[in-house]
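**Q** Position chain B against the provided structure of chain A, taking the given hints into account.
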Amino acid sequence: GAVVSQHPSWVICKSGTSVKIECRSLDFQATTMFWYRQFPKQSLMLMATSNEGSKATYEQGVEKDKFLINHASLTLSTLTVTSAHPEDSSFYICSARGLHEQYFGPGTRLTVT
Amino acid sequence: AQTVTQSQPEMSVQEAETVTLSCTYDTSESDYYLFWYKQPPSRQMILVIRQEAYKQQNATENRFSVNFQKAAKSFSLKISDSQLGDAAMYFCAYRTAALSQNFVFGPGTRLSVLP
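Here the protein sequences line up with chains A and B, keeping their order.
Going by the numbering used here, the first sequence opens with residue 301, and the numbers climb by one from there.
Going by the numbering used here, the second sequence opens with residue 370, and the numbers climb by one from there.
Just chain A, with the same shape it has in the complex (with noise of 0.2 angstroms):
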């Protein structure tokens, strides 16, 4: 089946540094892929969705300067966190849409101290 990776699988960094997550299709192109966060004993929440060669569109909340979306080819979506803070501790989920179904990455932990 469709495969989706993620990396760093987890990262610890320091509060105010920014840190980069990587979300990669290894089998097939993904024109749209989609960022959830986690928090613990919680459901996903959509953070925004990433369209190949155009801006991410996102959810009402989310400061879109503080989580820059890049979909620069049609295999790889990067949420980069900027300027890092504690409460920005959480899973973060990235889901790409295959020909006909979505596949979900294995999630980031985040850690900011």
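FYI, nobody ran anything at the bench for these hints, they're computed from the structure.
Heads up, some of the hints might be wrong.
Keeping only pairs whose Cα atoms sit at most 20 angstroms apart, straight-line, the calculated DMTMM-like set for lysine to aspartate or glutamate is [claimed, not checked]: (1) A:Lys314 to A:Asp365; (2) B:Lys439 to B:Glu386; (3) B:Lys447 to B:Glu386; (4) A:Lys320 to A:Glu401; (5) A:Lys341 to B:Glu379; (6) B:Lys424 to A:Glu387; (7) B:Lys447 to B:Glu421; (8) B:Lys442 to B:Glu386; (9) A:Lys341 to B:Asp455.
Between beta-carbon pairs, the in silico distance windows are [unchecked claim]: (10) A:Ser315 to B:Pro378: 30 to 36 angstroms; (11) B:Thr372 to A:Gly353: 31 to 37 angstroms; (12) A:Ser315 to B:Thr429: 46 to 52 angstroms.
Just a sample of chain A residues kept apart from chain B, beta carbon distances all over 12 angstroms, derived [claimed, not checked]: (13) Val304; (14) Ser315; (15) Arg324; (16) Leu326; (17) Lys355; (18) Glu363; (19) His385; (20) Thr413.
Being a predicted model, the structure only gives us computed values, none of them experimental.
C-beta: ideal position from N, C-alpha, C; glycine also.
**A** The following block gives chain B in isolation, referenced to the frame of chain A:
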């Protein structure tokens, strides 16, 4: 806006027994998809089963089956012969027929399987 509700935050079932997880949703669309996803401790989202709204027949995948009641906007998941590996968070999700659209997830049900 579409919403998905799961009224059972936690459920438990004895190994080899059957359990049903509830899900209701609200939409004005007539064509859509419904899903059940499993999220084990690894937190990888795993598709359990999916149902197209235009199909009256309930979807089945091995030990997993759904009871889809379109008029009532209900979509419950039945797990038969429960196994220890079934223990996980289960999310009910809705998506419109347009593939470009996002999932709307319910709050989840944590299922424990007792040996």
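**Q** Per the hint of 31 to 37 angstroms, is the separation of the Cβ atoms of B:Thr372 and A:Gly353 within bounds?
**A** With a Cβ separation near 32 angstroms, B:Thr372 and A:Gly353 satisfy 31 to 37 angstroms, so the hint holds.
**Q** Is the hinted pair B:Lys442 and B:Glu386 satisfied, with a Cα-Cα distance of at most 20 angstroms?
**A** violated, 26 angstroms
**Q** If I take the minimum Cβ distance from A:Ser315 to any residue of chain B, is it greater than 12 angstroms?
**A** holds, 24 angstroms
**Q** Minimum Cβ separation between A:Leu326 and chain B greater than 12 angstroms?
**A** holds, 14 angstroms
**Q** Measure nothing beyond the straight line between the CA atoms of B:Lys447 and B:Glu421; if it is 20 angstroms or shorter, mark the hint as holding.
**A** holds, 17 angstroms
**Q** Would you mind confirming whether the straight-line C-alpha gap from B:Lys424 to A:Glu387 stays at or under 20 angstroms?
**A** Violated. B:Lys424 to A:Glu387 sits at ~43 angstroms, over the 20 angstroms cutoff.
**Q** Going by Cβ atoms, does A:Val304 stay more than 12 angstroms from chain B at every point?
**A** Violated, because the least Cβ-Cβ distance between A:Val304 and chain B comes to about 10 angstroms, which does not exceed 12 angstroms.
**Q** Taken at face value, is the distance from the CA of B:Glu379 to the CA of A:Lys341 at most 20 angstroms?
**A** Distance of about 11 angstroms is within 20 angstroms: holds.
**Q** Straight-line Cα separation of A:Lys320 and A:Glu401 no greater than 20 angstroms?
**A** Violated. A:Lys320 to A:Glu401 sits at ~26 angstroms, over the 20 angstroms cutoff.
**Q** Does the structure keep B:Lys447 and B:Glu386 at a Cα separation of 20 angstroms or less?
**A** Answer holds: B:Lys447 to B:Glu386 is near 11 angstroms, not above 20 angstroms.
**Q** Hey, is A:Lys355 genuinely clear of chain B, shortest beta carbon separation above 12 angstroms?
**A** Non-interface label on A:Lys355 holds, nearest chain B Cβ at 15 angstroms vs cutoff 12 angstroms.
**Q** Just want to verify: A:His385 was marked as not at the interface with chain B; is every Cβ pair farther apart than 12 angstroms?
**A** At about 22 angstroms from chain B, A:His385 clears the 12 angstroms cut-off, so the statement holds.
Violated hints, in rising order: 2, 4, 6, 8, 13; the structure is consistent with all others.
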